[in-house]
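Here is what each chain is made of, one letter per residue.
Protein chains: 2
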Amino acid sequence: MTTVTGRRAAHEGPRTTAGRPRVGHIDFLNCLPLFWGLARTGSLLDLDLRRDTPERLSDALVSGELDIGPISVMEYLRHADELVVLPEIAVGADGPVMSCLLLSKVPLTSLDGVPLACTTTSRTSVRLAELLLTDHIGVRPRYFTCPPHLPTMLADAPAAVVIGDAALRASLLEADTLGFEVHDLADMWRRWTGLPFVFAVFAARRDFLTDRPDLVREVHSGFLASRELFLAEIDEVCRKAARWAEFDAATLKRYYLSALDFSLGERQLTGLREFARRVGGDAAGFPPDVRIGLLDTP
Amino acid sequence: MTTVTGRRAAHEGPRTTAGRPRVGHIDFLNCLPLFWGLARTGSLLDLDLRRDTPERLSDALVSGELDIGPISVMEYLRHADELVVLPEIAVGADGPVMSCLLLSKVPLTSLDGVPLACTTTSRTSVRLAELLLTDHIGVRPRYFTCPPHLPTMLADAPAAVVIGDAALRASLLEADTLGFEVHDLADMWRRWTGLPFVFAVFAARRDFLTDRPDLVREVHSGFLASRELFLAEIDEVCRKAARWAEFDAATLKRYYLSALDFSLGERQLTGLREFARRVGGDAAGFPPDVRIGLLDTP
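Here the protein sequences line up with chains A and B, keeping their order.
Per this note's numbering, the very first residue in the first sequence carries number 1; after that it's consecutive.
Per this note's numbering, the very first residue in the second sequence carries number 1; after that it's consecutive.
Calculated directly from the structure, the hints in this document are not laboratory data.
Be aware that a few hints might be false.
Said to hold, decoys possible - Rough simulated footprint, nothing fancy, chain A against chain B, three-plus residues with beta-carbon under 8 Å: (1) 40–46; (2) 240–248.
Claimed, not checked - Label-pair distances were calculated between CB atoms; the ranges are: (3) Ala283/A / Glu236/B: 48 to 56 Å; (4) Arg267/B / Ser63/A: 48 to 56 Å; (5) Ala283/A / Gly19/B: 37 to 45 Å.
What the hints assert, rightly or not - Here are some chain A residues pointing at chain B (derived, C-beta under 10 Å): (6) Gly19; (7) Asp27; (8) Phe35; (9) Ala39; (10) Arg40; (11) Gly42; (12) Ser43; (13) Leu45; (14) Asp46; (15) Asp48; (16) Arg50; (17) Arg51; (18) Val237; (19) Ala241; (20) Arg243.
It should be emphasised that the depicted structure is a prediction, and the values quoted were computed from it without experimental measurement.
Virtual Cβ for every residue (Gly too), placed ideally from N, Cα, C.
Please work from the sequences and hints to get the whole structure.
So this is what it looks like as C-alpha cells:
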C-alpha cells in the first residue's frame, strides 16, 4: 500500500494506441508485401493498424476514421482534394494482373445488352471493365452488382467481373477447366493504352498531413522499407503464404514478381491520369483533369 | 485473352485467410510480448488475428467466433468445460502488477457500505478486489460499474478499481500527486495467499482442438517462441513502445520484467485454483473445484 498526496487528477482509460497513425490494412495477398515488412521490422508497433475489406477501408479514409491507408483508385479520384498520394508505392500491373478479370461464356463482342455480373468488392475493376467494354470493345452490357461468388454470378449472367483470390484461382488453377473466356483487365488496358494500370494507391488525409507531416513521411518510409524487405525475403513469404492461400509458393512468387506492380512512378501516374481522363465526368464524381496531389519527398 | 473449356465451377470470393486459426489479440502493453514475437518471426501470417478489447475477445472465444485467444480468468472459469488452457503462458503477477489497482481516498477498512466504482473493462480484477475487500479486509462496499475514466469514477465514489494503462499511470507517474491510496491487487493477493495471481490465460476451444490439434500446438509453440524473442529484444521493444505509451523505456522494461509474469507453471496454476476455490459458487457461475484442463504438450 502506498499513500500519496496531491491534486493532479488521473486521466482517462487505456491509451496505448494514442497518437499512433491509424492505418488501414487489407488481408489480401496483394497487400502482403506491406504487411510482411511492417511486421518483420517491428514498425507495426508504430501503427494503429485496422484490418478490413478494401471498400470499408476506402470509406474509413474518406470519412476520417483512418489517417493513412490503401484506397481504390475510383474512390481516391472522387476525394483527391482531401487526400495526398504516397509516391513510389501502389497496387497495379503493367500487363496481366491475374487477379482482376472479366470472365465470359461468350465472346466480348456479343455482350451488348446482356447482363454482366459485377463483384461488389471492387469499384475500380468494375469501372475499368465498363470502360474497356464501352470504348474499346464497343458493347454496352447491362451491369448489375452481385456478391463475389462465381457460380451465382455466372448463373444469372453470361459474364462477370471478379477480383482477388477468386480471380487468381480462375487465372491459375481453373484456367483449363472453366469453360469460359478469361480476360485480364490490366492486360486489356495495357494493350489498349500502352500504359500500366493502378488499382489502388496509398494515401494520407490532407488534414492529417498538416497536423503530422513527420508521421506521414515516416509511415511512407516504413512502407517503402517494408516492400524492400518483402522482396528480399520473397521465398520465405511465399512459402508461408502458400500454406493458407490455395496457391503454391512458386505461383505466388510469380504473382508478386511478374503480375503485380507495387511501384508508382511516372509511367504509373500517367496511367492513372489517363484512366481519370477517360472515365472522369459528372457520373464518375470527379473531373477528367482531376489533380493528383503527391506527397513531397526529400 | 485465353479461351478455356471444362465443367468445374469456380468457387467463392477471397479466401486468403481460410483455414487459419482465428486468434484474439489485445492491443495493450501486457499483450505486446506476444504480438512482438509473432510479428518479428512472420508467424502472424499463420494467424487470422482479430484485434479487440479484452471483454469482446473473451466473449468471441466463448461464442466460437475465435478459436484461440486470451481470456480473462473469470470468463475462462465459467466456460472451463468448453476450453483448454495453453500451458506455460499467461498474464499474471507474482507480487505487484502495477496495472490492476484499487485506488481509495480513505483507508480500505473505511469502505464498508460506501460506493466503489469498478471499471467496465475488467471482470477478473473487479472480482479479485471484491474478494480481497470482503474476505481479507472485511468490508463490503457498494460496487457499481463505471467507464474507465478515473476522474468520473472518483467523483462518484471514494474508491475505484482501475486496470491497464490508466492504472499503470497511477502507479508510476502520478503516485506522488494523486491524493489517494494506491493498492496493488496482485500484491495484496500475494501477501494474503503467498501465491501468484493469474489475470488472463490463453485458451483454445475444445472443439477446435478436436478438429485441428496440430494447429493448436503450433500456435502454442508460436506463442512461446514469441515470448522468448520478446525477452531477447526487450530493449528494442521498450524503446519502440515508449514512443506511444506515455512511459519511458526503462519504466516499460521494469513493468515487463518485474511486474508482469507471463508464465503459467505449477505455482501459477495453484494460484488460479485457489482463486477459483475462494470465489467459486452459484453466483460466480462455476464451482469452487472447477477442473482446469490444460493442453497436453509433448
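So which hints don't hold here, by number, going up? none
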